[in-house]
Amino acid sequence: MGFLSSFDINGYGLSAQRARINVISSNIANANTTRTAEGGPYRRQEVLFKAVNFDEVLNAELEKNNDSLKYEDPLKEGERGKVPTPPVMSVVVDKIVRDDSEPKMKYDPAHPDADSKGYVAYPNINPVVEMADLIEATRSYQANVSAVQSVKTMVENAISIMS
Amino acid sequence: MISGVKSWINFDTDQIEQLGNNKQSIMPIGENSKKSAGDTFSEMLVNSIQELNESQKVSERAMADLASGNVKDLHSAAIAIDKAELTMKTMVEVRNKALSAYKEITRIQM
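Listed in order, the protein sequences are those of chains W and U.
The first sequence lines up with residues 0 to 162 when you count with numbering that gives the first Met the number 0.
The second sequence lines up with residues 0 to 109 when you count with numbering that gives the first Met the number 0.
What the hints contain is simulated information worked out from the structure, not anything from laboratory work.
Careful, some of the hints might be misleading.
Output of the computed footprint for chain U on chain W, the stretches with three or more beta carbons under 8 Å from beta carbons of chain U [what the hints assert, rightly or not]:
| hint | segment |
| --- | --- |
| 1 | 11-23 |
| 2 | 146-159 |
Not close to chain W: a few residues of chain U, all C-beta gaps over 12 Å, as computed [claimed, not checked]:
| hint | residue |
| --- | --- |
| 3 | 45 |
| 4 | 59 |
| 5 | 69 |
| 6 | 102 |
Every value quoted in this text rests on a predicted model; they were computed, and no experiment measured them.
The beta-carbon is built from N, C-alpha and C at its ideal position, and this holds for glycine as well.
So here's chain W without its partners, still in its complex pose (with noise of 0.2 Å):
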């Protein structure tokens, strides 16, 4: 039914998030790991999020039939696409990108994986901007999942003005 298609953006939206939550939980579990598949230290993963048409009947009806689709520029920023297409969007994860910043290097000879020089190269990840980031990404599916709830309420509210 149509008025429900919010909980599916909204659904989109958890799975990115939960994508999301994944690849951090690797980079904390792999903070310390020195070998990897590809060689070398564990390198720092990311995520990259992408919109997507959420419904192709529903955003071509919108395109076809509504006039007030279309971007109004009161800043005049320039022409930076002059109608949203497609209207409606979604989220999905186009990307797992790694980060390719140099490896920390410790200095510690008796390491397996230490160099010729004595340096064992570690990820290139830090724990605190892991923290954070996981810290966003369980707000973000907070986010969602109260739009989702409001989205709810909104219909409950609907089915009363029947009753």
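Given the structure of chain W, go ahead and fit chain U onto it with the hints provided.
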């Protein structure tokens, strides 16, 4: 169950349609509903009951997946169940309305 409802509704609406020929004005506002709903009230009702049936099935599957540990995302199960709940609530309200209208008609003194 659906066919039973259909016959019951048909019995009812055939008479109602004779009373008021302007059913277009009663039909819902959005272009979406106009397309999917068919043109008679009974078809609309049957369609929405079928939709309700679908969402109930989806929610049943989601609950079975939850119970058996097959679920990939907890929230998708929760959303499916929420949807089924809301659709059910809507249908119950519509049924109540239809029934009270029917009762109102049966109470007419001849």
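Run the structure past the numbered hints and jot down the numbers of the failing ones, going up. Violated hints: none at all, because every hint is consistent with the structure.
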